[in-house]
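A.B. asks: Single-letter residue listing:
Protein chains: 2
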Amino acid sequence: MTAPAFLHPAAAAALAALSQLLGPRLSAGQSVRALHGAGESWLPAAPPDLVAMAETTEEVSQILSTCNALGLPVVPFGAGSSIEGQIHAPLGGLSLDLSAMSRILRISPEDMDCTVQCGVTRQRLNEELRATGLFFPVDLGAEATLGGMASTRASGTTTVRYGSMRDLVLGLTVVLPDGRIVKTGGRARKSSAGYDLTHLFVGAEGTLGVITELTLRLFGQPEARQTLLCSFPDIAAATTTVVASLQCGLALNRIELADQLQMQAINAWCSADLPVAPALWVELVGSPPAVAHDLALFQELATGAGALRQDIARTADEANALWRLRHSALYASRALRPGIKGISTDVCVPISALPDCIDRILAVVAETSILAPLVGHAGDGNFHLVLLFDPADPDETAQARHINANLIRIALELGGTCTGEHGVGLGKKAYLPDEHGPALDLMRQIKQAIDPRGIMNPSKIFDL
Amino acid sequence: MTAPAFLHPAAAAALAALSQLLGPRLSAGQSVRALHGAGESWLPAAPPDLVAMAETTEEVSQILSTCNALGLPVVPFGAGSSIEGQIHAPLGGLSLDLSAMSRILRISPEDMDCTVQCGVTRQRLNEELRATGLFFPVDLGAEATLGGMASTRASGTTTVRYGSMRDLVLGLTVVLPDGRIVKTGGRARKSSAGYDLTHLFVGAEGTLGVITELTLRLFGQPEARQTLLCSFPDIAAATTTVVASLQCGLALNRIELADQLQMQAINAWCSADLPVAPALWVELVGSPPAVAHDLALFQELATGAGALRQDIARTADEANALWRLRHSALYASRALRPGIKGISTDVCVPISALPDCIDRILAVVAETSILAPLVGHAGDGNFHLVLLFDPADPDETAQARHINANLIRIALELGGTCTGEHGVGLGKKAYLPDEHGPALDLMRQIKQAIDPRGIMNPSKIFDL
Numbered sequence: 220m221t222a223p224a225f226l227h228p229a230a231a232a233a234l235a236a237l238s239q240l241l242g243p244r245l246s247a248g249q250s251v252r253a254l255h256g257a258g259e260s261w262l263p264a265a266p267p268d269l270v271a272m273a274e275t276t277e278e279v280s281q282i283l284s285t286c287n288a289l290g291l292p293v294v295p296f297g298a299g300s301s302i303e304g305q306i307h308a309p310l311g312g313l314s315l316d317l318s319a320m321s322r323i324l325r326i327s328p329e330d331m332d333c334t335v336q337c338g339v340t341r342q343r344l345n346e347e348l349r350a351t352g353l354f355f356p357v358d359l360g361a362e363a364t365l366g367g368m369a370s371t372r373a374s375g376t377t378t379v380r381y382g383s384m385r386d387l388v389l390g391l392t393v394v395l396p397d398g399r400i401v402k403t404g405g406r407a408r409k410s411s412a413g414y415d416l417t418h419l420f421v422g423a424e425g426t427l428g429v430i431t432e433l434t435l436r437l438f439g440q441p442e443a444r445q446t447l448l449c450s451f452p453d454i455a456a457a458t459t460t461v462v463a464s465l466q467c468g469l470a471l472n473r474i475e476l477a478d479q480l481q482m483q484a485i486n487a488w489c490s491a492d493l494p495v496a497p498a499l500w501v502e503l504v505g506s507p508p509a510v511a512h513d514l515a516l517f518q519e520l521a522t523g524a525g526a527l528r529q530d531i532a533r534t535a536d537e538a539n540a541l542w543r544l545r546h547s548a549l550y551a552s553r554a555l556r557p558g559i560k561g562i563s564t565d566v567c568v569p570i571s572a573l574p575d576c577i578d579r580i581l582a583v584v585a586e587t588s589i590l591a592p593l594v595g596h597a598g599d600g601n602f603h604l605v606l607l608f609d610p611a612d613p614d615e616t617a618q619a620r621h622i623n624a625n626l627i628r629i630a631l632e633l634g635g636t637c638t639g640e641h642g643v644g645l646g647k648k649a650y651l652p653d654e655h656g657p658a659l660d661l662m663r664q665i666k667q668a669i670d671p672r673g674i675m676n677p678s679k680i681f682d683l
Numbered sequence: 220m221t222a223p224a225f226l227h228p229a230a231a232a233a234l235a236a237l238s239q240l241l242g243p244r245l246s247a248g249q250s251v252r253a254l255h256g257a258g259e260s261w262l263p264a265a266p267p268d269l270v271a272m273a274e275t276t277e278e279v280s281q282i283l284s285t286c287n288a289l290g291l292p293v294v295p296f297g298a299g300s301s302i303e304g305q306i307h308a309p310l311g312g313l314s315l316d317l318s319a320m321s322r323i324l325r326i327s328p329e330d331m332d333c334t335v336q337c338g339v340t341r342q343r344l345n346e347e348l349r350a351t352g353l354f355f356p357v358d359l360g361a362e363a364t365l366g367g368m369a370s371t372r373a374s375g376t377t378t379v380r381y382g383s384m385r386d387l388v389l390g391l392t393v394v395l396p397d398g399r400i401v402k403t404g405g406r407a408r409k410s411s412a413g414y415d416l417t418h419l420f421v422g423a424e425g426t427l428g429v430i431t432e433l434t435l436r437l438f439g440q441p442e443a444r445q446t447l448l449c450s451f452p453d454i455a456a457a458t459t460t461v462v463a464s465l466q467c468g469l470a471l472n473r474i475e476l477a478d479q480l481q482m483q484a485i486n487a488w489c490s491a492d493l494p495v496a497p498a499l500w501v502e503l504v505g506s507p508p509a510v511a512h513d514l515a516l517f518q519e520l521a522t523g524a525g526a527l528r529q530d531i532a533r534t535a536d537e538a539n540a541l542w543r544l545r546h547s548a549l550y551a552s553r554a555l556r557p558g559i560k561g562i563s564t565d566v567c568v569p570i571s572a573l574p575d576c577i578d579r580i581l582a583v584v585a586e587t588s589i590l591a592p593l594v595g596h597a598g599d600g601n602f603h604l605v606l607l608f609d610p611a612d613p614d615e616t617a618q619a620r621h622i623n624a625n626l627i628r629i630a631l632e633l634g635g636t637c638t639g640e641h642g643v644g645l646g647k648k649a650y651l652p653d654e655h656g657p658a659l660d661l662m663r664q665i666k667q668a669i670d671p672r673g674i675m676n677p678s679k680i681f682d683l
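Order-wise, the sequence lines are chains A and B. When you read off a place in the first sequence, starting at 1, and then add 219, the result is the number in the numbering used here. When you read off a place in the second sequence, starting at 1, and then add 219, the result is the number in the numbering used here.
These are calculated hints, taken from the structure and not from any lab test. Hints are not guaranteed to be accurate.
[To be verified] The list that follows gives simulated cross-link-like pairs (lysine-lysine, DSSO-like), each with its CA atoms no further than 30 Å apart: (1) A/K648 to B/K560; (2) B/K648 to A/K648; (3) B/K560 to B/K648; (4) A/K560 to A/K648; (5) B/K560 to A/K402; (6) A/K402 to A/K560.
[Unchecked claim] Under 7 Å between C-beta atoms, here's a sample of chain A residues computed to sit facing chain B: (7) R343; (8) G398; (9) A412; (10) Y414; (11) D415; (12) A443; (13) P452; (14) A455; (15) Y550; (16) C567; (17) P657; (18) A658.
[Claimed, not checked] Quick look at which bits of chain B chain A covers, simulated, 3 or more residues with Cβ under 8 Å: (19) 234 to 243; (20) 364 to 373; (21) 455 to 469; (22) 483 to 494; (23) 548 to 558; (24) 584 to 592; (25) 640 to 648.
From a predicted model like this one, the values you see are computed outputs, not experimental measurements. From the three backbone atoms N, C-alpha and C, an ideal C-beta is built for every residue, glycine too.
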């Protein structure tokens with residue numbers, strides 16, 4: 220092995236200082252570094268100098284206090300599924316791989332909560348929970364770790380019912396940049412005992428410390444569920460149905476939107492013959508009579524809004540088939556342009572602003588050569604365009620950036636946010652001054668108070 | 220009027236500096252000061268030196284920048300309903316009365332949200348909302364302002380369904396100690412765009428800045444509701460029923476617990492003949508078939524747990540009559556010892572720990588001469604003992620403190636918190652080191668970063 224070239228001047232000292240603690244779990248090998256430097260982002264890779272595999276909170280503490288003393292950047296790494304460059308190491312430093320911290324520490328069915336290490340994936344947790352009749356509801360596309368999901372304040376298809384990571388984390392164990400270990404929140408369902416530190420670390424993308432354990436809320440599996448797929452003449456008709464359903468308090472578990480181009484892509488990819496028109500997938504959950512009542516009411520609302528067609532699943536198999544269509548959306552989109560992966564936009568707006576936001580951005584898209592099918596979590600006002608551009612083509616890249624920048628401008632004008640669930644990382648940093656104004660300086664003050672040497676995931680979210 | 224005696228050395232300078240801005244809305248009169256120095260707390264009054272009535276966010280900004288330059292403490296004041304000394308001014312300074320900031324700025328029925336000034340009470344907001352079919356659900360005993368409710372992270376009887384102020388505030392306008400005005404959060408239902416500043420100010424009890432505007436989630440009125448009152452042989456049987464109801468996902472709007480002594484007090488006060496045994500008031504909401512289904516299931520669960528008696532309201536009037544019994548609890552308690560107001564404890568524990576926590580504290584109470592009836596929000600694991608002691612009697616006061624201290628110790632041992640919904644203020648400060656450990660130092664670091672001169676509600680939550 221050739222001597223590694225380090226980007227950060229303190230990396231060699233950290234390698235020496237940490238090698239006894241971590242042994243073979245500390246690596247400066249090029250391939251390991253490369254594996255930790257890209258994630259699912261469209262940004263050019265930026266690998267770390269070192270990769271450390273931590274196994275305990277105490278080890279994380281020792282790693283951070285060492286790196287803090289040396290001034291070496293530390294970039295927390297879970298499953299590597301982040302898509303805005305959260306795990307990039309643009310200044311070099313140490314990638315702190317937490318995937319081995321994968322123990323489920325406690326499940327309390329009576330209190331419907333659990334405590335897990337940060338490296339547990341949501342899929343793993345739900346497998347472990349199956350026998351209890353409980354589940355953890357945040358349902359996103361990726362195989363992600365719960366620590367990473369908390370750090371980006373992730374959400375997904377069931378947020379309309381259960382909330383996002385913001386709502387479901389009761390407490391955390393966090394290692395601060397100087398190595399101090401703190402516990403935030405707790406197991407009580409609510410507390411008014413001082414500052415809400417839990418929410419400060421949820422969504423901080425590892426810039427304030429490392430989440431090593433999480434206490435999470437769990438839920439009972441609903442007794443009954445019912446799925447339907449509705450087509451509408453336009454986005455506004457679909458959105459009207461969503462708003463009315465929410466106002467009526469229907470027991471929506473998911474309410475997912477796709478646009479005309481997305482439906483065309485799904486038809487092609489799945490050999491389906493759905494109307495090529497905006498569509499909503501809807502899942503209602505609850506007791507059997509509640510679901511039956513809400514289904515009838517939903518159908519009435521959809522009909523009133525001008526629904527073109529309503530496909531109701533009569534069996535669990537039919538429901539699964541309908542959801543397979545929804546889950547195929549990304550692959551179907553990519554098949555519109557083979558070989559192109561695409562990047563996903565992520566704005567979120569007040570729900571009443573969805574049609575306006577979508578109309579305006581589709582007009583922008585139409586002026587470019589980029590295909591951009593749309594799917595979204597309509598109940599939250601959050602949608603994704605998959606921008607199918609070739610990153611090797613500068614002109615297409617410029618057009619994709621133009622679409623994304625315009626989309627964010629429109630969303631902010633409508634009272635929305637540049638990111639509903641993917642986070643800021645490096646990719647959305649440029650938009651935060653417009654979104655937050657003077658509040659961004661307050662975030663910087665907090666960062667400087669908690670991480671005065673600036674070692675934690677530097678240059679993410681904002682620059683100092 | 221005699222020249223006022225000021226506790227804080229900078230008060231006279233602030234009086235001079237702010238009198239032009241505020242005119243008659245700035246007062247140093249003894250009676251106004253006295254009205255602003257006690258709240259609903261059992262602590263000795265600690266009036267401010269000055270009282271300012273602000274009418275706009277910009278005025279709040281000018282007041283804070285003036286006081287910050289002078290180093291004068293500023294104590295935000297809403298309705299004066301806080302009960303742990305949050306509005307006390309132990310160091311003197313300026314009470315910032317925000318009750319005149321009472322405009323409802325926007326109601327958006329389609330997005331089910333609104334923006335209000337901080338001095339709007341929850342009752343006022345719900346009156347304004349009546350015509351829209353929407354409502355704001357946080358339901359506590361007091362006539363409180365929404366700014367104050369956010370600042371103490373208040374909750375109440377419907378938290379089991381809708382969450383507390385923590386869950387229902389989407390965004391804030393906050394004036395920082397140096398006068399900067401920041402907006403946190405926004406109108407999107409979710410966002411991953413940077414640090415969660417909203418949750419940092421919710422529950423900060425005015426120690427980090429002044430909340431002047433709030434964007435709040437609203438909900439549609441449920442179509443149907445059903446109330447019942449169940450008696451149980453013991454607290455554990457009641458709690459078992461609560462846990463099972465939550466696991467089954469019953470559409471609980473409220474599930475309120477009272478102990479034997481509380482029921483005896485209610486019988487006496489209301490001339491009722493309810494069983495003198497632990498009881499649960501339950502309200503189910505949703506569509507008519509959902510409520511009917513959940514009512515039957517609840518009754519089955521209660522019967523299985525050994526319920527002694529179940530009174531189901533057959534009409535809205537009967538439901539109101541049952542809830543009137545619950546709402547009489549405080550007055551009924553006080554009537555056990557006429558002339559004594561009592562103070563309310565406020566621990567919150569994991570729900571499965573409720574019977575143990577209650578058994579252990581009632582054993583402590585039994586060793587004293589204090590009467591302490593119990594009511595609680597069983598679905599959250601939060602309960603209150605009303606300690607009926609005479610604050611003029613040192614022995615009784617010592618006994619009441621002994622009960623409260625033991626209750627908090629027991630709650631913390633069981634994984635709970637010293638305050639579920641009342642906040643810390645001055646009253647619970649002593650218990651935070653045990654509850655938070657090293658995390659308390661992190662709170663101090665944040666305080667010092669945001670309020671370096673320490674003017675905002677000093678000596679509340681923790682000492683520096």
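A.B. asks: Hint by hint, note whether the structure agrees.
C.D. replies: Hints versus structure:
1. A/K648 to B/K560: Answer violated: A/K648 to B/K560 is near 54 Å, above 30 Å.
2. B/K648 to A/K648: 39 Å, violated
3. B/K560 to B/K648: Holds, because 22 Å separates the two Cα atoms, which is no more than 30 Å.
4. A/K560 to A/K648: 22 Å, holds
5. B/K560 to A/K402: 37 Å, violated
6. A/K402 to A/K560: It is violated: about 40 Å lies between the C-alpha atoms, which goes past 30 Å.
7. R343: 22 Å, violated
8. G398: 11 Å, violated
9. A412: 5 Å, holds
10. Y414: Interface hint status for A/Y414: holds (5 Å vs cutoff 7 Å).
11. D415: Result: holds, 4 Å to nearest chain B Cβ.
12. A443: 10 Å, violated
13. P452: This hint is violated: A/P452 lies away from chain B, its Cβ roughly 20 Å from the closest one there, beyond 7 Å.
14. A455: 12 Å, violated
15. Y550: Since the shortest Cβ distance to chain B is 24 Å, the answer is violated.
16. C567: 4 Å, holds
17. P657: OK, holds: A/P657 within 7 Å of chain B, min 5 Å.
18. A658: 4 Å, holds
19. 234 to 243: Since 0 is below three, the answer is violated.
20. 364 to 373: This one holds; 3 residues, not fewer than the three required, reach chain A with a Cβ under 8 Å.
21. 455 to 469: Holds: 5 residues of the segment 455 to 469 of chain B have a Cβ under 8 Å from chain A.
22. 483 to 494: Three-residue rule not met by the segment 483 to 494 of chain B, so violated; n is 0.
23. 548 to 558: Violated - the segment 548 to 558 of chain B has 0 residues with a Cβ nearer than 8 Å to chain A, which falls short of three.
24. 584 to 592: violated (count 0)
25. 640 to 648: holds (count 5)
Comparing the model with each numbered hint stated earlier shows that hints 1, 2, 5, 6, 7, 8, 12, 13, 14, 15, 19, 22, 23 and 24 do not hold.
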